[in-house]
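Visitor: Sequence:
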Amino acid sequence: MNVSCKEQSAQQVCKKENFNDKQVDVIQYAMDHGIEDEHLFLLLNEDMLPEQMKRVLYGLMYGLDPDDVKLYAQTDMSVEAMDQIRFALMKEDERHLIGLLLQKGLDVEQMIQIRKGNRLPYQYVELYAEPFYDVEQMREIRSGFEHGLSFQQVCLYCDARFSSEKMYYIRRGFEYGVDFHTAMEYAQPDLPAESIYHAVQKEKKKILNEKKRSHTMLHGMVM
Numbered sequence: 608m609n610v611s612c613k614e615q616s617a618q619q620v621c622k623k624e625n626f627n628d629k630q631v632d633v634i635q636y637a638m639d640h641g642i643e644d645e646h647l648f649l650l651l652n653e654d655m656l657p658e659q660m661k662r663v664l665y666g667l668m669y670g671l672d673p674d675d676v677k678l679y680a681q682t683d684m685s686v687e688a689m690d691q692i693r694f695a696l697m698k699e700d701e702r703h704l705i706g707l708l709l710q711k712g713l714d715v716e717q718m719i720q721i722r723k724g725n726r727l728p729y730q731y732v733e734l735y736a737e738p739f740y741d742v743e744q745m746r747e748i749r750s751g752f753e754h755g756l757s758f759q760q761v762c763l764y765c766d767a768r769f770s771s772e773k774m775y776y777i778r779r780g781f782e783y784g785v786d787f788h789t790a791m792e793y794a795q796p797d798l799p800a801e802s803i804y805h806a807v808q809k810e811k812k813k814i815l816n817e818k819k820r821s822h823t824m825l826h827g828m829v830m
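Convert by adding 607 to the 1-based position in the sequence shown; the result is the number in the numbering used here.
Among the hints, a few may not be true.
Straight-line distance between alpha carbons at most 20 Å, and here's what the computed DMTMM-like set of lysine to aspartate or glutamate pairs gives [what the hints assert, rightly or not]:
1. Lys-677 with Glu-643
2. Lys-811 with Glu-801
3. Lys-698 with Asp-672
4. Lys-711 with Glu-687
5. Lys-698 with Glu-687
6. Lys-698 with Glu-716
7. Lys-711 with Asp-675
8. Lys-661 with Glu-645
9. Lys-811 with Glu-772
10. Lys-677 with Asp-644
11. Lys-629 with Glu-658
12. Lys-813 with Asp-797
13. Lys-629 with Asp-639
14. Lys-818 with Asp-786
15. Lys-812 with Asp-797
16. Lys-809 with Asp-786
17. Lys-711 with Glu-699
18. Lys-698 with Asp-674
In case anyone wonders, no lab produced these hints; they're calculated from the structure.
Whole structure, please, built from the sequences with the hints as guidance.
Guide: And the structure:
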């Protein structure tokens, strides 16, 4: 007759493996807190660090589906990365981003930037959810969408050859009202950031002067 894990101690369950005391403690805690036998296997990996095992346990205790927990129950994933996947799985409005978060090569700060785009259309987040963008570049691309720029406008500067500083200047130019064709003239990866900055400021000044002229003309007509 088979004996369930609940009728055994963690020491008995783990006796054939090389688990250390801290790992055994996590497994015992899981058994004591009602983790089902068929789910306990996610913890029974001697290559998993105790802190990694805890993240798996937290997911199960929260009520995540074991198939979801499997996504981050990986020995080659840092504890911090496991947390980011787990947090996203726990939020209904972030679950659609899991595939992007599971990409190899992302660090935790990059994963956070991806999660912060949870209210944007998926194709917008997908645009910057790439390991080759640093955190600041990701933030500039996300900010463009959040500030109302079009997909075409953001695509003009979502080139990894642009530093985040250059991206910022190009984004601000669009927010000032610079038209797309004008922006194309200075949105060049080989141009120094200072040159892009001055080009944007020049266009900003033109736009402000035009607004002043229009306001003056309108005021004169009213008078």
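Visitor: If a hint holds in the structure, say so; if it doesn't, say that too.
Guide: Tested hints:
1. About 15 Å separates the Cα atoms of Lys-677 and Glu-643, which keeps this hinted pair within 20 Å; it holds.
2. Distance hint between Lys-811 and Glu-801 is fulfilled; the C-alpha atoms sit about 15 Å from each other, no more than 20 Å.
3. Between Lys-698 and Asp-672, the direct Cα distance comes to roughly 13 Å. Compliance with the 20 Å bound is thereby established for this hinted pair.
4. Taking the CA atoms of Lys-711 and Glu-687, the gap is near 14 Å; set against the 20 Å cutoff, the hint holds.
5. With a C-alpha separation of about 17 Å, the suggested pairing of Lys-698 with Glu-687 holds against the 20 Å cut-off.
6. For the suggested pair Lys-698 and Glu-716, the alpha carbons sit about 18 Å apart, so the restraint of at most 20 Å is met.
7. A threshold of 20 Å between alpha carbons decides the hint, and for Lys-711 with Asp-675 the separation of about 18 Å falls inside it, so the pair holds.
8. Between Lys-661 and Glu-645, the direct Cα distance comes to roughly 17 Å. Compliance with the 20 Å bound is thereby established for this hinted pair.
9. Pair hint Lys-811 plus Glu-772 holds up; C-alpha atoms about 17 Å apart against a cutoff of 20 Å.
10. With a CA separation close to 15 Å, the supplied pair Lys-677 and Asp-644 stays within the 20 Å bound.
11. In summary, the hint linking Lys-629 to Glu-658 is supported, as the alpha carbons are separated by about 9 Å, within the 20 Å threshold.
12. Annotation: proposed proximity of Lys-813 to Asp-797 is violated, straight-line Cα distance about 25 Å (limit 20 Å).
13. A hinted pair counts as satisfied when its Cα atoms are at most 20 Å apart, and Lys-629 with Asp-639 qualifies at roughly 15 Å.
14. The straight-line distance between the Cα atoms of Lys-818 and Asp-786 is roughly 15 Å, inside the 20 Å bound, and the hint therefore holds.
15. Using a Cα cut-off of 20 Å, the hinted pair Lys-812 and Asp-797 is violated, with the two alpha carbons roughly 24 Å apart.
16. Straight-line distance between C-alpha atoms of Lys-809 and Asp-786 comes to about 13 Å, which keeps the hinted pair within the 20 Å bound.
17. Distance check on the hinted pair: Lys-711 and Glu-699 sit about 23 Å apart at the alpha-carbon level, beyond 20 Å; violated.
18. Between Lys-698 and Asp-674 the alpha-carbon distance is near 16 Å, which keeps this suggested pair within the 20 Å criterion.
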